[in-house]
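Residue numbers (this note's numbering), protein chains in the order written: chain A, 1 to 558; chain B, 1 to 273.
Some hints here could point you the wrong way.
To be verified - Beta-carbon label-pair distances, calculated as ranges:
1. B/M1 - A/R41: 35 to 43 Å
2. B/T7 - A/P325: 34 to 42 Å
3. B/A216 - A/R345: 35 to 43 Å
If you're looking for bench data, these hints aren't it; they were derived computationally from the structure.
In this text, a Cβ means the ideal position worked out from N, Cα and C, and glycines have one as well.
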Amino acid sequence: MIKLEGGRVYDPVNGLDGKLMDLYIEDGKLVKPAAGKKVRRVIGLNGSIVMAGGIDIHTHIGGGKVSIARLLLAQDHDDNRVASSALTRSGSGSIAPSSFVTGYRYAEMGYTTCFEPAMMPVNARQSHLEMADTPMLDTGAYALLGNDDFLLRLLNSGKEQPLVNDYVAWTIHAARAMGIKVVNPGGISAFKFNQRKLDLDEKNNYYEITPRNVLTALLDALEAIGVPHPLHVHGCNLGVPGNYLTTLETIAAAEGRPLHLTHVQFHSYGAEGDRKFSSAAAQLAEAVNLNRNVSIDVGQIMFGQTVTTSADSMMQHKGHIHAHPKKWVCMDIECDAGCGVVPFRYRDRNFVNALQWCIGLEIFLLVKDPWRIFLTTDHPNGAPFTSYPHLIRLLMDKGFRNDMLTTINKDAADASILSTLDREYSLYEIAIITRAAPARSLGLRNHGHLGTGATADITVYKPDDDAEAMFATPEYVFKRGELCVRNGKVCAIPATSTHVVEPEYDPGIEKPLKSYFDRYMTMSLENFKLSREELESYNQHSLLVHDCKQDLSADDAD
Amino acid sequence: MKPLIFTLKKKLQRRLDLSALTPDRLAAAQEPAEIELEYGASPVRAGEMFSISGEDAGHIELRRTTALVTRIGAHMTQGQISVKAHGGSYLGYRMRGGTIRVNGDCGDWLGCDMDWGRIDVEGDAGDYIGAGTRTGMYGMRDGLITVWGNAGNRIGEKMRRGMIMIGADAGDFSGACMVAGTILILGKSGKLPGYGMKRGTIILGRRPDRIGATLANCGVLKMEYLRLFFKQLSRMGSRYRFFRNFGPEVRMYTGDTANNGKGEIMVLLNAAR
């Protein structure tokens, strides 16, 4: 048994707001001290800040598009090479780092669990292999649906909802996913039929269904099969000025069903002002505050070079003219969805980029319920994940935020209401948006908190007035009870696992799928499916299967 | 002052990255032996690989290096590096100034992505001299590379500005996709020089093995500016004096028309040394 003595514990799930207490770890779990058990090691924390290990709900760390991003940013990899050590493996990159470096950097920031949001089912094997090679982190992924021809055919031919439910559940099984993400519902397919934009109620030229149909079908399906994480929605019209109306319509389209809107910063643009680009963060935050079924992650941007990777080939194709450096990739993947990779540099002197920065922060500060907003930069689309400590400081320190505001494009700073927002996040709230809330949204019962029986993923920060320094170099990070980072440096490589859910489905769905696969797909149905055994063979990964249809209403008392 | 001499004392098993041994980096370092180098994928101290003598950090001399060294003079901005043995690959990678002289041969990617500065190689060099990185938009942006021996394929690929001079023969695809700049090959050159070139000048001492069909033959011309060009070159030192004998008569090709290019390939008709 290990004893962590005298830490200030911030554990929102159990209502602990900086309570000075001891924690006990045994067999990778947090336990209650018992008389018969011997304390093997005592670690004195002297009032340091203790939180659960960080959970990133939306970060592109595996899959084909990340590999393409790495190829496009060869210069970044060349300039940032990481040598191997006795413990760690070599790697490279700072914007879309190689898998090993990604794992080390995340752990050195106190994160212990990450979720890849856009795993193509057809690419699931490669994504899982890559995430198994991302050390230090438990991983999981959301399977991408909504633009695959099988689903669109089902909807187009007016098939019954139960068939869709089975297909969705089967896909989660086959791809070993944690949930379902939909990217530009039906829009990527429409792009292949030469449509360059698709509104929520606009018909796909070929399949004659609208994004609203796709959304409704998937929302119903997820509710029926009881996957804990709500539908992860990357809506229509990403990045288009005036798109906040589409986002509000999407919220209305959910009709009270649980919905997660991802990287909403890119979906909260108005079209007012001289430059026809303005912030609609207030309207969006108001809608989120009103609709308790909606959760969001922000997708904050940070200034500097990064790369945007998305399955939304429609919008990435539109944005390719802004590529910096001037090279980009848009491709189709097995006719199932798309992939667009466009390197981009956010400039603080640029009106649009500066306003994007403001909009993200406005959303953070205007959404009242921290349990329904998660801290992300949509790594690497808004900024690399290594900018999280800086972002946390922006949220926690009003003075610092206003100082930064004076350095950006003046018109954007004047157009933004950011300077009038006085809210500062407390450590308790930071613990919610980076740990507790993502865990609850994903249905991880033993993660994201420090109660008895929870997995001992623990991060200890040394208190510092500069939140950026504090969150950049944690004093200790424990992964499943094993000390793996000391003073911001990796000191052990713990075993990791993959989070999955296994909803029930009727195996009869394989009959139409079999004929579809035989006729159209590049691989057979049997090879498409990932078995438990196969996943566990990747780097001795273990699987963590989470319950479906759990009673979420009990948790809802915040 | 005596130059700072690094003599390799170990047989290399893996690639040894010497980008840390530049005048810029050494001027900032306390103790040359403590500088960290990359050996394969792991770090190693310079003192473990080299015996070190001399004191002038502005002039570095490398001895007994083999083809496994890489990135000599990478990112350097000033000073001089003399390599008395093999220059390895990626010599002068992204250099921005200063001089590198190599007495032996060099590997591939000599002067890759360089911005400014001068590289002189006595022996032969490999492929991709003055080219850009695989995913880079452009090759060398400026500077002068002189190779007195033979060169490999694809010299000056995607080059943007500056000059490459090859004293002897060159391989295939010289100046492939070049955007601008000057390539001068005094000996034989292989197939398809100027393949896909946009602008720029390739001057060949002899007719190439094969010239692309999309390079338009413009006949024999007298390019008066070449007189000035050769005169200037002949003043660069006693070794360059033979340029005085060169005449301005050339057979001119322009293209690559397949790439809407306006580059020129000039085969010298009067280039007896």
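Within 35 to 43 Å: is that where the Cβ-Cβ distance between B/A216 and A/R345 falls?
Distance hint for B/A216, A/R345 holds at roughly 40 Å.
Go ahead and decide if the range 35 to 43 Å is satisfied by the Cβ distance of B/M1 to A/R41.
This hint is violated: roughly 57 Å between Cβ atoms.
Pairwise beta carbon distance, B/T7 to A/P325, judged against the given window 34 to 42 Å:
holds (40 Å)
Going down the numbered hints, you'll see the structure goes against just number 1.
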